[in-house]
Amino acid sequence: MAEAPLVIVAGFPLALDRRYQAETHMWVLQSGPGRVRIGMDPLGIETSGTLAQLSFSPTGTELSAGRPFGELEAAKFVGPLISPVSGTVASVNEEVARDPGLAERDPYGAGWLIEANVSEIADEGSGLLAEPAEITAWFAARVAHYRRSGLIAQ
Amino acid sequence: MVEPLRIVDFGRSSPLRSQTLWHAIAYGVSASERATLSFTRPTAPYVCLGYHRGIEEVDRDYCAEKGLPLLRRMVGGGPVYLDGDQLFFQICLPARAVPAARCQALRLLLEPVVTAFRAVGVPAMLDDDLEICAGDRKICGHGAARIEDAVVVCGNLIERFDHERAARVLALADPCQRDQTLTLMRRFVAPTPIDPAAFQAALITAYAAALGLGPRLGGLTGTERTALVSLDENFASDAWLAGPARPAMARTGAASARQVKVRSGVWTLGASYDGARVAASVVRGMIELVRLHDRALNGSKDRAERALTGISLQSVARVLAGFGDPGRRLAVAFATADPARL
Chain A
1 MAEAPLVIVA GFPLALDRRY QAETHMWVLQ SGPGRVRIGM DPLGIETSGT LAQLSFSPTG
61 TELSAGRPFG ELEAAKFVGP LISPVSGTVA SVNEEVARDP GLAERDPYGA GWLIEANVSE
121 IADEGSGLLA EPAEITAWFA ARVAHYRRSG LIAQ
Chain B
155 MVEPLRIVDF GRSSPLRSQT LWHAIAYGVS ASERATLSFT RPTAPYVCLG YHRGIEEVDR
215 DYCAEKGLPL LRRMVGGGPV YLDGDQLFFQ ICLPARAVPA ARCQALRLLL EPVVTAFRAV
275 GVPAMLDDDL EICAGDRKIC GHGAARIEDA VVVCGNLIER FDHERAARVL ALADPCQRDQ
335 TLTLMRRFVA PTPIDPAAFQ AALITAYAAA LGLGPRLGGL TGTERTALVS LDENFASDAW
395 LAGPARPAMA RTGAASARQV KVRSGVWTLG ASYDGARVAA SVVRGMIELV RLHDRALNGS
455 KDRAERALTG ISLQSVARVL AGFGDPGRRL AVAFATADPA RL
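As you go down the protein sequences, you meet chains A and B in turn.
Okay, so the first sequence: first residue is 1 according to the numbering used here, each after it adds one.
Okay, so the second sequence: first residue is 155 according to the numbering used here, each after it adds one.
Any given hint might turn out to be false.
[As the list claims (entries may be wrong)] Covered by chain A, according to a simulated footprint, are these stretches of chain B (three or more residues, beta-carbon under 8 Å): (1) 195–206; (2) 226–239; (3) 255–265; (4) 327–341.
In case anyone wonders, no lab produced these hints; they're calculated from the structure.
None of the values given here were measured: they were computed from a predicted structure.
The beta carbon of each residue, even a glycine, is placed where N, CA and C say it ideally should be.
Model the full assembly from the supplied sequences, consistent with the hints where possible.
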């Protein structure tokens, strides 16, 4: 896939060519007809701590928006990776499972997590942020919030 | 009226139940939103794998010979040896009551443990890596997970610690790495031989104060008993023990590595590449001890080991560049080290 065009917002790179789930920091990018690629934005990764392990539901597993599609371990804390879409797991990124640091180094590119077959990703009602202006405003507000709470460096 | 902190003391439990009981509570807390602090102590020793860790990290033949069951937990961390000299505790809260950020949640839920240790005279502290230690030595293991809509953090009071067996249960191909791991465990993991009842009382007080809750004795709910039956079956299954699917690691001919974390900043590396082998002890980024093997190192072995001792991991490649082909092979083996992901 083409390299993502990035802007810098409050010191963090942000790709504006995709949709975002605001609470979980998951991004969704159309990668083909009826298929999306899912990953985590750098803010979600930064606030998780150093990623030690990633595991994903196997190919073919049904996905429900808001339900886990895998697990992330950082600082000995295991927690769910929450799917931003409903569909089925089409493929998992074995490279990032082998080397979770890939998600830290290239969160919008080689550090993607899974691909999913979806019937549609409608903006209306999906809860995903789609417009560049709203994505930028949301992202800047989250950075400010995390800085105020001491979660990331000033 | 103050909300209750349910206290459940399971007393002694079988190895399996010493895990499944508190996992059942996590499902119960997820459904009921009742904050719970639970305790148990295993009736027999066993080995427990962190959720993501490979079964190949444990010496299964040794465990079978010694009758040590092998279980997998839902929380993180590495393979650990557990026995009746350890009192396990678990604090479990509704996820909405815990900061979403992991490090903040861990700090919130580990600081009462430090308070409890101090209340019984142990000069404990929570270090920057969120590890509970006294001086240089780790005194409490911990792990955490979000299980459905509950967050659980578990830990242990280690009254006595069998360092030899804790090192022996690990699958380590290089005996030098095993020796180094045992040496570091003795130095950096310490038991706390205090009255467990006093610690337990102090922990209840500390969590109640930190969370603004009133302790109240309780037992398992119907939901939790149902979950327990299912967990007993699941945790005893081969499928659960195998763990989540993991990608194949090294390609044929690639370097391979085995890292063992002893405590934060303290670990051993056993690595090999094209016949070259390395066993190293690393303390706060510096190599304290190293043993090298390469078919062509000949008389340079001692000199290379001395040159690497006391240097940082970042300097290894530069130092080994002065040792020709063996140095190149050893540098590739060393490069497998990934301290960020111990």
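Now the hints, each set against the structure:
1. A stretch counts as covered by a chain when three or more of its residues have a beta carbon under 8 Å from one of that chain; for the region 195–206 of chain B and chain A the count is 3, and the coverage holds.
2. For a cut-off of 8 Å, the count of residues in the region 226–239 of chain B with a CB near a CB of chain A stands at 4, and the three-residue condition holds.
3. Chain A is given as covering the region 255–265 of chain B, and this holds because 6 residues of the stretch bring a CB closer than 8 Å to a CB of that chain, at least three being needed.
4. With 0 residues having a beta carbon nearer than 8 Å to a beta carbon of chain A, the region 327–341 of chain B misses the requirement of three or more and the stated coverage is violated.
The structure fails to meet hint 4 from the earlier list, while all remaining hints are met.
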